[in-house]
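Residue numbers (the working numbering), protein chains in the order written: chain A, 1 to 401; chain B, 1 to 223.
The hints are simulated quantities; they were obtained by calculation from the structure and are not laboratory data. Please note that the accuracy of each hint is not assured.
Which bits of chain A does chain B cover? Going by a derived footprint, with three or more residues having C-beta under 8 Å, they are [said to hold, decoys possible]:
1. 3-16
2. 380-394
One-sided excerpt, in silico: chain B residues whose CB lies under 10 Å from chain A [unchecked claim]:
3. Thr55
4. Glu79
5. Leu85
6. Thr97
7. Pro107
8. Gly111
9. Arg153
Built from N, CA and C at the ideal position, the CB exists for glycine as well.
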Amino acid sequence: MKKINLFKLAVNNLRRKLVRTILLLLVAAVVSGTLLGATIFIFGMQNALKIGTYRLGADILVVPAKNEEQARTALLAGKPTSFYMDRGVLDKIRQVEGVKLVSPQLFIEPSSFTCCYSVDVFLVAIDPATDFTVMPWLEKNVRNSLTGNQVVAGRSMPVMEGATIPFFGTSFKVVGTMAPTGMKFFDQSIFMTMDAAYRMAENSATQSPQPLHLDKSKISAVLVKTDGTLSPERVALRIMHALDDVKAIASDEVVNTVRRQLSGLLTGIVAVSAVLWAMCLFMIGFAFYMIVNERQRELGMLRAMGAKRRHVFRLIMLEAVLITLVGGLLGLALGFGLLFALSDTICNTLQLPYLMPSPLVVQELLAASLVFSVLTGLVSALLPAFLASRLEPYEAIRTGE
Amino acid sequence: MIEARDLCKTYRVEGQAFTVVEGINLVVRKGETVSIVGHSGSGKTTLLSLLGGVTKPDFGQVMLEGIDLWSLGDDRLSELRNRKLGFIYQFSSLIPTLTALDNICLPTAFGTAVDNPADRAIALLEKIGLADKAGFYPCQLSGGQQRRVAIARAFINSPEVILADEPTGDLDEETEREIIDLFREINAESGTTFLIVTHNKEIASLADRRFAMKNGALKEVPF
Chain A
1 MKKINLFKLA
11 VNNLRRKLVR
21 TILLLLVAAV
31 VSGTLLGATI
41 FIFGMQNALK
51 IGTYRLGADI
61 LVVPAKNEEQ
71 ARTALLAGKP
81 TSFYMDRGVL
91 DKIRQVEGVK
101 LVSPQLFIEP
111 SSFTCCYSVD
121 VFLVAIDPAT
131 DFTVMPWLEK
141 NVRNSLTGNQ
151 VVAGRSMPVM
161 EGATIPFFGT
171 SFKVVGTMAP
181 TGMKFFDQSI
191 FMTMDAAYRM
201 AENSATQSPQ
211 PLHLDKSKIS
221 AVLVKTDGTL
231 SPERVALRIM
241 HALDDVKAIA
251 SDEVVNTVRR
261 QLSGLLTGIV
271 AVSAVLWAMC
281 LFMIGFAFYM
291 IVNERQRELG
301 MLRAMGAKRR
311 HVFRLIMLEA
321 VLITLVGGLL
331 GLALGFGLLF
341 ALSDTICNTL
351 QLPYLMPSPL
361 VVQELLAASL
371 VFSVLTGLVS
381 ALLPAFLASR
391 LEPYEAIRTG
401 E
Chain B
1 MIEARDLCKT
11 YRVEGQAFTV
21 VEGINLVVRK
31 GETVSIVGHS
41 GSGKTTLLSL
51 LGGVTKPDFG
61 QVMLEGIDLW
71 SLGDDRLSEL
81 RNRKLGFIYQ
91 FSSLIPTLTA
101 LDNICLPTAF
111 GTAVDNPADR
121 AIALLEKIGL
131 ADKAGFYPCQ
141 LSGGQQRRVA
151 IARAFINSPE
161 VILADEPTGD
171 LDEETEREII
181 DLFREINAES
191 GTTFLIVTHN
201 KEIASLADRR
211 FAMKNGALKE
221 VPF
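Pulled out of the complex, with its shape left as it was, chain B reads as follows (with noise of 0.2 Å):
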């Protein structure tokens, strides 16, 4: 499904060169469920978003389905983030001035599949338990509902492979756990792919494999 061949990212600071990934092999199949876990700094963030097609690894392949990101031109890589994957952030990644059920449909507007963009994520809404919520705006949500209409936004193009990146952060623990059921109903549901990073030990235990990052390197870590 998802395949990361020899990648490498270094980033340059005031002239000085951090090596952040360094030689990363990694193949994750299609329903497939991989936790990552590590210590600040690690790298887990960056890797996450190599995986995801948001930044250029020095070094190595991404593979979607066969498809070297990287090989693909902007416009080309835009539509497979668009329709592909799907991205859940650590931070309140809703627009302000929309509307939850505009939010969620928001990627709807640089292209989709789905015929119906607002039937779906009224759907979406239900399923995350905020259908009464759907005229709200981020601000009178709490954190936990703006993080399951992010959530939700993640899956509006039906995406084959979600990245989270801390989805549970900030979060009490009643709102971890309603996530936390939210992300094994869809994966039994649709049979989507989750690279999880995460600090949570639950979330990591969801996972069908684990993988700790440390300084760059990636190692399965056995149950």
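Pulled out of the complex, with its shape left as it was, chain A reads as follows (with noise of 0.2 Å):
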């Protein structure tokens, strides 16, 4: 038989009042939900900010200017686009000073992948005598360099390695996957190399009922490193006094845009927290202030049958303790589970990459949420538990009656 004690005591009284004890269960699992959610989702955008624009590798993007705000919305949202200026640009642009390496891009048309599934794919042409921001990543992962056929498929393409798929009536052979970055313009786009992209265009004309037309004297984009004796922002300025009728955004100016509206999200959702943290304070806290003043005669005597007032202090905080952990608990899988339900959604919505944090971050975030949601329980009730281990004993009893 289970020794009564004070645990088995708090427990009983939070089931005396299971309307009042479930409400606050709620308090607690939405707050300690909203908490989690809000900081996933933080660190998850910045966490596919950090690993998009590093993957990215190139200090400036340049576009044609009229195209600017598609370039940004196909970087940060992966939304599939295609453009083009002259590829007499490479040239001029490589003559600025500050440019140490350019590459160019070629954004296909967008076209939907039929193969099983739906879903909208960017393809997207590189040249791999040049290219310093595809294939550092294919060295690594892909034993040789991307030949004839073969592409490699973003991580949220539903294709395995090895797999065939047919863009324009021409078939592809996938030859490796990416990791994912949270960035859709990775993440959802098939990368060939500029002669593939050509000869699928060729052979549209007689084998895809959606001929597609690729002139190569066009590309979509110049990738630029720069040599690092200015900054990326003044190379930028350099090229875009050079060229006509093209934008360069460098890469920190991406970032720093997408900073400043997490900046703006942030300062939201902490807000929203913490004033849904303080009613919870409030409401628990208040709610305990009830409890001890109904249980006044109760308290009473258990002080008078050798409770200390440790013993009563206790008894208050544990059940404080209770309701915030498993509330808390409760709100972690409800966050938990709302965010992987409506990630995508607010993503898209905001256009912003989001990528989970890694499972060691997760837990991490799991745990601080839990312990913060028991430390507003201790919190809240604190006063009231002070105030119930005060009570003299024949006066709680007959205050109480």
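Quick one: dock chain against chain with the hints and give me the complex.
Next comes the structure, spelled out in structure tokens:
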């Protein structure tokens, strides 16, 4: 038989007013769930931004001036797009002071991926001879560079390595998949060589119901690596000064734009979380003040039968901790579930990158949220518990009658 | 055993002072049963709470086995209440979410000299004739059964003094009789000291000495 102790007494006390206990559990759950969801979401966006910009590898992205917004959206939200400028800009950019490497990329008209799923795919053609953004990754993860009709698929593409997939009537073999980055430009793209892209365009006239026209004198973007003598922002300005009708976007600028968006979002999330937390603190504190009031006679009797002040204090604190612990666990499950369900929708709406933090970080955030939830219980019940412990036994019995 | 020396207690209600216990001196010997009778508001319950160390006197001392209760710190006083004193109230004092057995064992959660509280609680349940109701919750017990469980709870730590405040109040005659018999039996078996506040003449007649309380003063009443 289980011995009666403070824990058993606390659990039984909570069961006594089940509706009130459930309401308090829900308050704790909402707060811990919101805090966890918000924290993981913010970490996820920062994570994606960090990995995505690192993976981009370029200091500057040069695109046609009129397509700047499309380029930013493509980069951050992975929205498939296509725009073109003259290939001649490559040589001009190469001659700008501060430029070390340049490599062209071709963004091919969006195509429906009709293999088995209905997913928008972004086809990106690279020049293996000059590429320094995709190739370093390929060299590490694929034994050889891309040749012939080989492609590399982003992590969100529903294809396995070794699979064959058709685009515009040409079959391509998937020789590798990329690690997730959270940026759809990488995760939802298929990378192929420019030669393969041109062959695909030629074949499409006879083999595809949707012909593709690619002009070999056109490219979509130029990725630039600076030599470090000037800041990327200054080199970007020089490129725009040297070339008409182009927009040179420093990757830092993209990151800063997102950071600014994140900062606003972060402030909002922190403000909402703080208000929720304060409400939770007040509600639990008030509830326990009421609990102590209505149980005065009982607390007085416990003191009369030998409970010390610290026993009464611990009893009230234990009840608060149990509520915030169980409510916190419930909230963590709820917050995590909602985050999984809604993160794509939120990211698409806000057009921000998102990548779930590593399992270790998630575990740490889970633990921190739970600790925070329990601390909330401890802080909110501190005053009622103290007051309960200071009640004079006979006075409490008399007042409670 | 337990001694009151010049005890005084005054309450203030809306700025007005009410003296409920005024200069009481009382010596109760070990194993003795003392009954206190008096009208409502005469200060009987306050006197009992003063003797039990649950309320502090304005003046005077309460000595238990030579120890001045109010010279002790709260921890030591609580321990003393836990080990040496048992309270029986005039109201239903059981915790509604605990079974009869757990209610009886409750004081052991705060300290006990009993090796196996559950075994002792079961023995007490047998003694009060409720062995088959160990797992029952208070709401499943009658008023008399609840009162008997509360009495068993007061005895769980084998206290030396029982302070009973109207232990048979609100009970029918048959249950009253059962409780009176129970007190007699326990007193005969363990030599526990009883201080009983009562209106019940039969309970009062159980006592070795009877006292009457009026306007905060205590006076011994001869048999």
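Evaluated hints:
With 10 residues having a beta carbon nearer than 8 Å to a beta carbon of chain B, the segment 3-16 of chain A meets the requirement of three or more and the stated coverage holds. Only residues whose beta carbon comes within less than 8 Å of a beta carbon in chain B count, and the segment 380-394 of chain A has 3; three or more means the coverage holds. With 10 Å as the threshold, the beta carbon of Thr55 of chain B comes within range of chain A, its nearest partner Cβ sitting at about 4 Å, so the hint holds. The closest approach between the C-beta of Glu79 of chain B and any C-beta of chain A is roughly 7 Å, which is under the 10 Å cut-off, so the hint is satisfied.
About 8 Å separates the beta-carbon of Leu85 of chain B from the nearest beta-carbon of chain A, less than 10 Å, and the hint is met. For the restraint placing Thr97 of chain B at the interface with chain A, the shortest Cβ-Cβ distance is roughly 4 Å, inside the 10 Å limit, so the hint holds. Given the 10 Å rule on beta carbons, the hint for Pro107 of chain B holds: about 4 Å separates it from the nearest Cβ of chain A. Interface restraint check for Gly111 of chain B: the shortest CB-CB distance to chain A comes to about 6 Å, inside 10 Å, so the restraint holds.
At its closest, the beta carbon of Arg153 of chain B sits 8 Å from a beta carbon of chain A; the interface hint therefore holds under the 10 Å criterion.
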